[in-house]
Amino acid sequence: MSGFNFAYLDEQTKRMIRRAILKGVAVPGYQVPFASREMPMPYGWGTGGVQVTAACLTPDDTLKVIDQGADDTTNAVSIRKFFQRTAGVAVTERTAEATIIQTRHRIPEAALTADQILVYQVPIPEPLRFLEPRETETRRMHALQDYGLMHVKLYEDIARNGAIATAYAYPVKVEGRYVMDPSPIPKFDNPKLSNSPALQLFGAGREQRIYAVPPFTQVVSLDFDDYPFEASKAPHACDLCGDPGSYLDEVITDDQGGRMFVCSDTDHCATRQAAGHRGRLSPMEAAQ
Amino acid sequence: MSDTPLLSVQDITKTYGARIGCTGVSFDLWPGEVMGIVGESGSGKSTLLGCMAGHLAPDSGRVVFDTRDAGPRDVLAMREPERRMLGRTDWAFVHQNPRDGLRMGVSAGGNVGERLMAVGARHYGQIREAATDWLQRVEIDAGRIDDKPRQFSGGMQQRLQIARNLVTGPRLVFMDEPTGGLDVSVQARLLDLLRGLVRQMGLSAVIVTHDLAVVRLLADRLMVMKDGRVIEQGLTDQVLDDPQHAYTQLLVSSVLQV
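Protein chains in written order, with our numbering: chain L, 139 to 426; chain D, 11 to 268.
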């Protein structure tokens with residue numbers, strides 16, 4: 139790791155980011171502007187999350203990186219390698235062993251603990267962005283808690299689709315004050331945001347915003363009285379580990395309409411399989 | 011009736027640098043009364059309306075509104091959240107161009123429901139019911155509730171804007187050239203509708219227009235503005251039938267007779 143400061147960023151930059159994080163923790167759900175740096179990866183690959191992770195890492199940390207629930211896809215592998223190279227920290231694929239988890243689009247199935255920090259990669263931090271294009275106006279709306287427009291979006295969803303069709307990046311209200319975009323996690327994960335013992339940090343590199351949900355903070359998904367929020371998932375059990383309650387990916391297996399549903403959280407699935415759980419298409423059953 | 015005016019405008023002045031927007035304007039608006047403000051383009055009527063509605067900050071003067079909970083209060087001294095709350099409960103603002111007052115990307119029902127949701131309505135069925143009801147009251151077919159405003163004609167857009175504004179049962183409506191840009195027959199229908207709603211709901215209104223026919227039909231009282239000053243005011247029929255000021259005489263006589 140010669141040629142780099144620990145975790146790539148210089149100490150002054152990390153200090154600036156930590157200040158933004160502290161402010162974010164002090165005002166849950168509020169988007170704190172910060173001077174986002176150029177990172178050696180394209181925008182959209184998690185530059186915000188990487189900067190937040192770099193500012194939180196210590197040499198004793200164990201890092202886990204998730205991309206859509208999986209540990210072995212491009213984004214996860216390259217960010218994990220990046221920190222192995224620049225920080226020399228231990229890495230793991232096991233949720234329970236990690237102290238810092240950087241994630242893209244999922245919250246792990248396993249319950250998090252007070253010793254863990256969950257860092258989200260956020261593409262567009264402003265939940266009101268597609269309703270109100272002016273940044274000056276959205277900031278004023280946050281300041282004045284003028285959130286009627288958010289419900290107009292949900293109203294339109296029901297009017298057009300008969301139900302709230304927003305399935306990811308589902309808007310939430312943090313501690314009864316700020317409306318927040320929880321990053322594009324499936325709405326299945328929304329309940330896990332609330333009252334989590336772990337610190338949750340959100341970094342948006344291109345948009346230069348950091349926000350946070352401190353431990354044990356109330357996070358409520360917005361809804362209507364007669365159309366309540368529903369944490370939806372595919373109505374199947376995992377075909378590999380048999381878990382009926384985890385969030386599933388649909389995998390097309392042939393061109394005859396064959397498909398299987400597998401846990402999107404690879405660590406969760408592997409842990410269950412190691413403990414002897416089997417699903418409909420597990421290799422052992424298929425061999426019989 | 012009550013002995014406090016609903017809206018009391020006191021000595022409003024607004025300048026744009028060295029130029030005068032409007033100066034020294036004062037009047038009282040009583041509950042249920044409709045006040046017309048006429049004048050040529052650039053006479054300061056839109057500036058005055060903007061100052062009253064809180065869109066512009068006047069240089070001096072007071073706008074006192076008789077609020078439901080706290081009685082008469084100076085609107086200009088209110089905090090921004092209170093003013094916004096007022097702006098979506100007791101007040102309404104109808105823009106000349108419906109595109110300024112509507113969300114063009116949101117369905118008609120969503121447009122009408124927005125004010126309800128902004129004041130805390132969280133029951134989809136009830137919001138939808140209110141929206142349907144209001145669409146019918148402004149003579150828009152309830153079947154078009156999920157259509158976007160851009161699919162509506164100009165007159166329908168204007169009626170939709172009115173529905174969207176009146177859904178929370180405001181007591182005071184500001185209208186900026188509500189019939190501008192509409193053809194004559196559509197104008198007539200809109201005026202008819204407005205007159206019905208104003209009388210039926212007991213609304214007070216301030217209507218800015220350059221069209222004397224509009225004020226003749228809608229307004230109880232009339233103010234004539236020129237170069238940022240009020241030059242004549244009185245009962246509508248009185249001002250229009252017996253104009254005293256030279257400019258008002260010119261204005262009245264320049265209306266085309268058919």
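Since the hints were made in silico from the structure, they are not lab data.
Be aware that one or more of the hints could be misleading.
Anything over 10 Å on all C-beta distances counts as not near chain D; from chain L, calculated [claimed, not checked]:
hint	residue
1	Q283
2	G286
3	A297
4	E313
Example chain L residues on the side facing chain D (calculated, C-beta under 10 Å, incomplete) [claimed, not checked]:
hint	residue
5	M179
6	W183
7	Y293
8	E294
9	S359
10	E388
For each label pair, taking beta carbons as the anchor points, the in silico distance ranges come out as [what the hints assert, rightly or not]:
hint	chain 1	residue 1	chain 2	residue 2	range
11	L	A281	D	H220	32 to 40 Å
12	D	D237	L	A305	24 to 32 Å
13	D	D237	L	E275	28 to 36 Å
14	L	A281	D	D110	19 to 27 Å
15	D	E139	L	R232	15 to 23 Å
16	L	Y306	D	D38	35 to 43 Å
17	L	K161	D	Q136	49 to 57 Å
18	L	A281	D	E139	40 to 48 Å
19	L	P171	D	L260	55 to 63 Å
20	L	G141	D	D156	32 to 40 Å
Heads up, the beta-carbon is just placed ideally off N, CA and C, and yes, glycines get one too.
Here's how the hints hold up against the structure:
1. Q283: violated, 7 Å
2. G286: violated, 3 Å
3. A297: violated, 5 Å
4. E313: L:E313 clear of chain D: closest Cβ-Cβ about 18 Å, beyond 10 Å.
5. M179: violated, 34 Å
6. W183: violated, 30 Å
7. Y293: holds, 5 Å
8. E294: This hint holds: L:E294 lies near chain D, its Cβ roughly 5 Å from the closest one there, short of 10 Å.
9. S359: violated, 13 Å
10. E388: violated, 30 Å
11. L:A281 / D:H220: 32 to 40 Å: holds, 37 Å
12. D:D237 / L:A305: 24 to 32 Å: violated, 59 Å
13. D:D237 / L:E275: 28 to 36 Å: holds, 34 Å
14. L:A281 / D:D110: 19 to 27 Å: holds, 23 Å
15. D:E139 / L:R232: 15 to 23 Å: violated, 53 Å
16. L:Y306 / D:D38: 35 to 43 Å: violated, 54 Å
17. L:K161 / D:Q136: 49 to 57 Å: Violated - the Cβ-Cβ distance for L:K161 and D:Q136, about 39 Å, lies outside 49 to 57 Å.
18. L:A281 / D:E139: 40 to 48 Å: violated, 32 Å
19. L:P171 / D:L260: 55 to 63 Å: holds, 56 Å
20. L:G141 / D:D156: 32 to 40 Å: violated, 60 Å
Comparing the model with each numbered hint stated earlier shows that hints 1, 2, 3, 5, 6, 9, 10, 12, 15, 16, 17, 18 and 20 do not hold.
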